[in-house]
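> Sequence:
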Amino acid sequence: NSICRAENVKFYAGDIMGFYGFSFMDLIQHEYVEEENQQVASEEKSEGEPATKKQKTDETVKKTVKKAMSFVSLAEAMKVDWSSELYAKRVKRMDPSFFLLQVLFAFRSEVGSNPRPSHREEDLAKLKEVRDSTLKSLSVPADKVSDEYLELLFSEL
67 NSICRAENVK FYAGDIMGFY GFSFMDLIQH EYVEEENQQV ASEEKSEGEP
117 ATKKQKTDET VKKTVKKAMS FVSLAEAMKV DWSSELYAKR VKRMDPSFFL
167 LQVLFAFRSE VGSNPRPSHR EEDLAKLKEV RDSTLKSLSV PADKVSDEYL
217 ELLFSEL
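Going by the numbering used here, 107 is the number at position 41 of the sequence shown; the sequence numbering is gapless.
It is possible that some hints are incorrect.
Lysine to any residue pairs mimicking SDA-like chemistry, simulated, CA-CA at most 20 Å apart [stated by the list, open to error]: (1) K132 with Q104; (2) K76 with I94; (3) K210 with V157.
Hints listed in this document are in silico derivations from the structure and should not be mistaken for laboratory results.
Owing to the predicted nature of the structure, the values given are computational and were not obtained by experimental measurement.
Could you build the full structure based on these sequences and the hints that come with them?
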């Protein structure tokens, strides 16, 4: 992502592990258009009546509006300080999948692979260990990513 960002190239990434998957997009600065409904007041024409008696109606008109969004890099998105006052209150509302991704990245760094169904017991024990250390370093309660989430990483169809 940092190489693409330095060259002003849009970056897309994604992966699937068991029943869990993620995608990340860094479009740097993205411009797009969107249709919006806007209310426009108009007067109905009625012949022979004074202007004060003419009925006013609202018409809905579709207008195309140009918008822009700024994106952050993957590194910036992942390095949030969850112990800070600004973010600590958000942990309860956050979806556990964001923290699961952090655990998976740490697992991949330590083990060199994704969780393997053929080594389920061994990898599950390692995932629990990595989860506890990763979430502790992020100042996030260990129960934010339950054992049930970790077990979904081994699911196969």
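> Hint by hint, note whether the structure agrees.
Verification of the supplied hints:
Between the alpha carbons of K132 and Q104 the distance comes to roughly 15 Å, so the proposed pair stays at or under 20 Å and holds. Among the hinted pairs, K76 with I94 is consistent with the structure: their alpha-carbon atoms are about 7 Å apart, no more than 20 Å. A distance of roughly 8 Å separates the Cα atoms of K210 and V157; the hinted pair therefore holds under the 20 Å criterion.
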